[in-house]
Amino acid sequence: MSSTGKEAVTRVDRRAAAAQGRAQGLDIGWTVFSYLIAGMLAYGAIGWLIGRAVQVALLFPIGMLIGLAISIGFIIYRYGKQGAVDAASPEGDDR
Amino acid sequence: MTGDVQVVAAPGGGCHIRSGCGYPSPGLDSFNFRPLFTIGSFQFTKPMLIAVICVIIVIAFFWAAFAKPKLVPRGVQNLGEIGILAVRDQILRPSLGKRGDSYLPFLVALFFYIWVMNLMELIPLFQFPAMSRIGFVWPLVFLVYFLYLYVGFKNQGFPGYIKNMIPWDVPKFVLIILIPIELLRFFVVQPFTLGVRLFANMFAGHLLLLIFTLATWYLATVSVSLLFAAGSFVMVIFVTLLELLIDLLQAFIFTTLTAVYIASSLEAAH
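Heads up: the protein sequence lines correspond to chains A and B, in order. Number 95 marks the last residue of the first sequence (my numbering); no jumps. Number 270 marks the last residue of the second sequence (my numbering); no jumps.
Calculated directly from the structure, the hints in this document are not laboratory data. Do not take every clue at face value.
[As the list claims (entries may be wrong)] Looking from chain A toward chain B, a few residues come up when the C-beta cut is under 10 Å (computed):
| hint | residue |
| --- | --- |
| 1 | Leu41 |
| 2 | Trp48 |
| 3 | Gln55 |
[Said to hold, decoys possible] Keeping only pairs whose Cα atoms sit at most 20 Å apart, straight-line, the calculated SDA-like set for lysine to any residue is:
| hint | chain 1 | residue 1 | chain 2 | residue 2 |
| --- | --- | --- | --- | --- |
| 4 | B | Lys98 | A | Ala18 |
| 5 | B | Lys154 | A | Gly80 |
| 6 | B | Lys46 | B | Pro139 |
| 7 | B | Lys163 | B | Lys98 |
| 8 | B | Lys172 | A | Ala18 |
| 9 | B | Lys172 | A | Ile76 |
| 10 | B | Lys172 | A | Tyr77 |
Idealized CB from N, CA, C, for every residue including glycine.
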C-alpha cells in the first residue's frame with residue numbers, strides 16, 4: 001500500500017477509535033450518574049419506609065446518604081478497576 | 001390546559017420599559033399555547049402541529065433522497081447518504097459494530113426526527129422546540145425502552161437478561177445491598193434520565209432565548225437602556241448559536257445512548 005493509502009487508513013482508524021471512545025464515554029458517564037441517583041432513591045425510599053414505621057424522619061436523609069455512599073463505592077470498584085485493566089492492556093488487544 | 005394561557009405572539013405581550021407594566025419574565029406559561037382547533041375534548045396545539053410537520057419533513061427528505069436512488073448519488077441523495085453514513089459511523093458502529101446494521105433505519109429516523117424537532121426552536125414562525133414539552137419525549141423514551149427490553153429478552157432469555165443485569169463479580173454481602181440499586185437504575189433511572197436530559201436541555205434553551213429576546217425588546221429605548229438592549233441582543237445571537245450546537249448534540253446523545261442500550265441487550269455486560 002502506498003504511504004498516502006496507509007495514511008488514509010490510519011485516519012479512518014483514528015476516527016473510528018474516536019467515535020468508539022465518545023460512545024463509551026457517554027455510556028460510562030451516564031451509567032455513573034444513574035448509579036448515583038439510583039443509590040439515593042433506593043436507600044432513600046428504604047430509609048423513608050423504615051422511618052415512617054418507627055416514626056424517625058431522619059432515617060430518610062440518612063438512607064439517601066448511605067445509598068450515595070454505596071453507589072460511589074461501587075462506581076470506584078467497577079470503573080476504577082476497568083481503568084486499571086484498560087491501562088495495562090497492550091496496544092492492539094481486541095478484547 | 002387552562003383557558004388563561006399566555007401566547008407569546010407579540011414580544012412581551014406588548015410590554016415595554018416605557019409602558020410601565022414591568023418586565024414580562026417568561027415562565028411555564030410561555031410553554032402553553034391556546035389550541036389551534038378543538039375536536040370534542042381534543043385540543044390541537046402549536047407543538048402538535050410542529051411535531052406533525054417534523055414527521056413530514058423527515059419522511060419527505062428521505063423520500064426525495066432515496067425514492068429513485070442512482071448509483072452515483074447527486075443532490076438530495078448525496079445529502080441523505082451523508083446523513084445516514086454519519087449516523088452509521090458516528091453512532092451505530094462504535095456501539096453495536098456491524099451486527100447492529102439492522103437497527104440503522106430506526107436510529108437514523110430517531111436521530112433526524114429529534115434533530116429537526118429541536119431545530120424548530122430557531123426557525124422563524126415555529127420558534128418552539130416541541131421537545132420542551134415532556135409529553136413529546138416520553139413516547140420516544142418508551143419506544144427505546146421497550147425495544148431494548150425486547151432485544152434483551154429475545155437474545156438472552158428472560159432469566160438470562162435479569163441475571164446478567166446483576167454484577168456477580170462483587171462479594172456476596174455487597175451483592176445484596178447492590179441489587180435494589182441495580183434494578184432501580186436499569187428499570188427506572190436509565191429511561192428517566194434519557195428523557196429528562198432531552199426535555200430539560202430544550203426547555204432551558206428556549207427559556208434562555210425568550211429571556212434575552214424579550215429583554216432586547218423591553219429595553220430598546222433612545223436612552224442609556226439601549227446599551228443594555230444591545231447587550232441582550234448579543235446574548236440572543238450567542239444563545240442562538242449555542243442552541244444550534246445543543247440541538248444537534250442532544251439528538252446525538254439520545255441516539256448514541258439508544259445504540260449503547262441496544263448493544264447491552266444484545267450481549268451480556270461484563
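Quick rundown of the hints versus the structure:
Given the 10 Å rule on beta carbons, the hint for A/Leu41 holds: about 6 Å separates it from the nearest Cβ of chain B. With 10 Å as the threshold, the beta carbon of A/Trp48 stays out of range of chain B, its nearest partner Cβ sitting at about 13 Å, so the hint is violated. A distance limit of 10 Å between C-beta atoms decides the matter here; for A/Gln55 the minimum to chain B is near 23 Å, and the interface restraint is violated. As the CA atoms of B/Lys98 and A/Ala18 are separated by approximately 17 Å, the hinted pair is consistent with the 20 Å bound.
Distance check on the hinted pair: B/Lys154 and A/Gly80 sit about 32 Å apart at the alpha-carbon level, beyond 20 Å; violated. The straight-line distance between the Cα atoms of B/Lys46 and B/Pro139 is roughly 18 Å, inside the 20 Å bound, and the hint therefore holds. The suggested pairing of B/Lys163 with B/Lys98 is violated, with an alpha-carbon distance near 26 Å, which exceeds 20 Å. For the given pair, B/Lys172 sits about 37 Å from A/Ala18 by alpha-carbon distance, which is inconsistent with the 20 Å threshold.
For a cut-off of 20 Å, the pair hint linking B/Lys172 to A/Ile76 stands: about 18 Å separates their Cα positions. Among the hinted pairs, B/Lys172 with A/Tyr77 is consistent with the structure: their alpha-carbon atoms are about 14 Å apart, no more than 20 Å.
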